[in-house]
Amino acid sequence: MRYSALSLFANALMGQKGWKPAWRDAAPKPAYDVIIVGGGGHGLATAYYLAKEHGIRNVAVLEKGWIGSGNAGRNTTIIRSNYLLPGNEPFYEWSMKLWEGLEQDVNYNSMVSQRGVLNLCHSDAQRDAYARRANAMRINGADSELLDQDGVRAMYPHLLDFDNARFPIKGGLLQKRGGTARHDAVVWGYARAADKLGVDIVQNCEVNGFIRDASGAVVGVETTRGPIRAGKVGLAVAGSTSRLTCKLDMRLPIESHVLQAFVSEGLKPLIDGVITFGAGHFYVSQSDKGGLVFGGDIDGYNSYAQRGNLPVVEDVAESAMALMPSIGRVRMLRSWGGIMDMSMDGTPIIDKTHIPGFYLNTGWCYGGFKATPASGWCFAWTIAKDVAHARNALMRLDRFRTGHIIDEKGVGPQPNLH
Amino acid sequence: MRIPCPYCGLRDSHEFTYLGDATVKRPDPAAPNALDTFSDYVYLRDNPAGAHRDLWYHASGCRSWVVLERDTRNHAIGGATLAREVTP
Ligand SMILES: Cc1cc2nc3c(=O)[nH]c(=O)nc-3n(C[C@H](O)[C@H](O)[C@H](O)COP(=O)(O)OP(=O)(O)OC[C@H]3O[C@@H](n4cnc5c(N)ncnc54)[C@H](O)[C@@H]3O)c2cc1C
Ligand SMILES: [Zn+2]
Numbered sequence: 001m002r003y004s005a006l007s008l009f010a011n012a013l014m015g016q017k018g019w020k021p022a023w024r025d026a027a028p029k030p031a032y033d034v035i036i037v038g039g040g041g042h043g044l045a046t047a048y049y050l051a052k053e054h055g056i057r058n059v060a061v062l063e064k065g066w067i068g069s070g071n072a073g074r075n076t077t078i079i080r081s082n083y084l085l086p087g088n089e090p091f092y093e094w095s096m097k098l099w100e101g102l103e104q105d106v107n108y109n110s111m112v113s114q115r116g117v118l119n120l121c122h123s124d125a126q127r128d129a130y131a132r133r134a135n136a137m138r139i140n141g142a143d144s145e146l147l148d149q150d151g152v153r154a155m156y157p158h159l160l161d162f163d164n165a166r167f168p169i170k171g172g173l174l175q176k177r178g179g180t181a182r183h184d185a186v187v188w189g190y191a192r193a194a195d196k197l198g199v200d201i202v203q204n205c206e207v208n209g210f211i212r213d214a215s216g217a218v219v220g221v222e223t224t225r226g227p228i229r230a231g232k233v234g235l236a237v238a239g240s241t242s243r244l245t246c247k248l249d250m251r252l253p254i255e256s257h258v259l260q261a262f263v264s265e266g267l268k269p270l271i272d273g274v275i276t277f278g279a280g281h282f283y284v285s286q287s288d289k290g291g292l293v294f295g296g297d298i299d300g301y302n303s304y305a306q307r308g309n310l311p312v313v314e315d316v317a318e319s320a321m322a323l324m325p326s327i328g329r330v331r332m333l334r335s336w337g338g339i340m341d342m343s344m345d346g347t348p349i350i351d352k353t354h355i356p357g358f359y360l361n362t363g364w365c366y367g368g369f370k371a372t373p374a375s376g377w378c379f380a381w382t383i384a385k386d387v388a389h390a391r392n393a394l395m396r397l398d399r400f401r402t403g404h405i406i407d408e409k410g411v412g413p414q415p416n417l418h
Numbered sequence: 001m002r003i004p005c006p007y008c009g010l011r012d013s014h015e016f017t018y019l020g021d022a023t024v025k026r027p028d029p030a031a032p033n034a035l036d037t038f039s040d041y042v043y044l045r046d047n048p049a050g051a052h053r054d055l056w057y058h059a060s061g062c063r064s065w066v067v068l069e070r071d072t073r074n075h076a077i078g079g080a081t082l083a084r085e086v087t088p
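Just so you know, the protein sequences line up as chains A and B, in that order. Following the UniProt record's numbering, the numbering of the first sequence begins with 1 at its first residue and continues without gaps. Following the UniProt record's numbering, the numbering of the second sequence begins with 1 at its first residue and continues without gaps.
Calculated directly from the structure, the hints in this document are not laboratory data. Careful: at least some of the hints might be erroneous.
Capping the alpha-carbon separation at 30 Å, the derived lysine-lysine pairs in DSSO-like fashion look like this [stated by the list, open to error]: (1) A:Lys-352 x A:Lys-52; (2) A:Lys-385 x A:Lys-64; (3) A:Lys-97 x A:Lys-176; (4) A:Lys-247 x B:Lys-25; (5) A:Lys-170 x A:Lys-268; (6) A:Lys-20 x A:Lys-170; (7) A:Lys-409 x B:Lys-25; (8) A:Lys-29 x A:Lys-52; (9) B:Lys-25 x A:Lys-352.
In isolation and in its complexed conformation, chain A is listed as follows (with noise of 0.2 Å):
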């Protein structure tokens, strides 16, 4: 069923009762052209991208618990595309173009909200950066402002704390096309148009292992739920990468560390757009239910646990208050954390690798979820192409071993820091 005005419309007359499920609980058949590892965003995106680009419909996409139930449901729906370096750059504007798109494309309400998101600035120096940066998005066509204080004043005229001793706010980047979308909306948007296109979306099945041929390629995955044979796996499970590479003896450029995201009472609106703090790692928005949705850096060191520690609890209630002191009074109503794939240079991999008929998808850190689209679709034309297209060309998996490290924030090689 398509869903538009009619159908709404059409459903409330005759009590709700015509919604059929948005996509097919399939179990899994015996092989695949292709088998995509991991049912967040990117793995649906993926598959998507395979049977409406390229043709390639007989497609799973094996997910161990639910879909959207990794980081693609836990994270701050963040979207933008104010990167800095070439390899990053037209890669996520390419992604905000398909964000644009997307709900026609898919027929989904995704709730993408284009409210604009500014990144303050403090110092001098800061402001220099930002100017830049703000250069180099104008260069691969993405949009971006900069304000001086005055600016940032007129768009929020009562909530920052403007004239903090020690971090007065001289001003900040602006990029209005940047905003949220509803995480797990995007999710199931994609489960939905993937599923179709004839894609099987097999849940409850986990990965455990890996099926070669005598010449070593990848053929096929074992899981919870039997062996699968494809022609090409592809792997997008995010912070679970390492778990099963190393079925393959393959060590990575990537830690698994935990980032916690927060969400506050609800409250009349507030802030309108994303905000986030130049001088500590604060980020901040407001829900459409009324809650302020917000996080700050990674716990910083290796973890699977997927619940975060109080120091960085302490970090970010401070940054906020920083930033915002009227929020001080205001609760706390739920956090969570989510398992990052922390690259060595703080850029993501999708690439093929060195064994035939596997491909990878990893190196998020913690801004995957804005580039989504992008990397399904760039994930797509690897697999199906066996090279990689120009926009995820530099994001290579061998960059460590030549030197060609695509590093933002240029803190070297400790994830920890990206």
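Based on the hints, put chain B with the ligands in the right spot on chain A.
Same frame as chain A, but now just chain B with the ligands:
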């Protein structure tokens, strides 16, 4: 999480700075395959879900480097040794 510093006793993890996997070893720079071994040493990690040996620096304490045995799935701590006492 609290870390049992061998010198200071049980201390809040807030006092420590994390470096990473304590098992990677600096290779011999004079070896003919040094390019490969160094890029592995700098960039590649086992990243296990389970037993892990971490390097922590007790910055707000005794300023020693500590090797911590920790389970990355639940942060259960097995033990801690001063890094300089760990035989390479
Ligand atoms: C708290 C938090 C806040 C974040 N905020 C933002 C943000 O504001 N903006 C942004 O751009 N990004 C953000 N991110 C990052 C973003 O969520 C991730 O980079 C992105 O979701 C990763 O891609 P994914 O959706 O495919 O991952 P996931 O949703 O984690 O998908 C991986 C899937 O693989 C499954 N899986 C794992 N192992 C196996 C196996 N062996 N067999 C089968 N299936 C398996 C998992 O169950 C999971 O469903 C945030 C992340 C977190 C945790
Ligand atoms: Zn100590």
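Comparing the hints with the structure gives:
1. Of the supplied pair hints, the one linking Lys-352 (chain A) and Lys-52 (chain A) holds, its CA atoms being roughly 21 Å apart against a limit of 30 Å.
2. Our distance criterion of 30 Å between C-alpha atoms is met by Lys-385 (chain A) and Lys-64 (chain A), whose separation comes to about 27 Å.
3. Taken as a hint, the Lys-97 (chain A) and Lys-176 (chain A) pair is honoured in the structure, with Cα atoms around 13 Å apart against an allowance of 30 Å.
4. Of the supplied pair hints, the one linking Lys-247 (chain A) and Lys-25 (chain B) holds, its CA atoms being roughly 23 Å apart against a limit of 30 Å.
5. Straight-line distance between C-alpha atoms of Lys-170 (chain A) and Lys-268 (chain A) comes to about 27 Å, which keeps the hinted pair within the 30 Å bound.
6. For the proposed pair Lys-20 (chain A) and Lys-170 (chain A), the alpha carbon gap of about 52 Å is over 30 Å, so the pair is violated.
7. For a cut-off of 30 Å, the pair hint linking Lys-409 (chain A) to Lys-25 (chain B) stands: about 26 Å separates their Cα positions.
8. Restraint check for Lys-29 (chain A) and Lys-52 (chain A): satisfied, since their Cα atoms lie roughly 21 Å apart, inside the 30 Å limit.
9. Straight-line distance between C-alpha atoms of Lys-25 (chain B) and Lys-352 (chain A) comes to about 28 Å, which keeps the hinted pair within the 30 Å bound.
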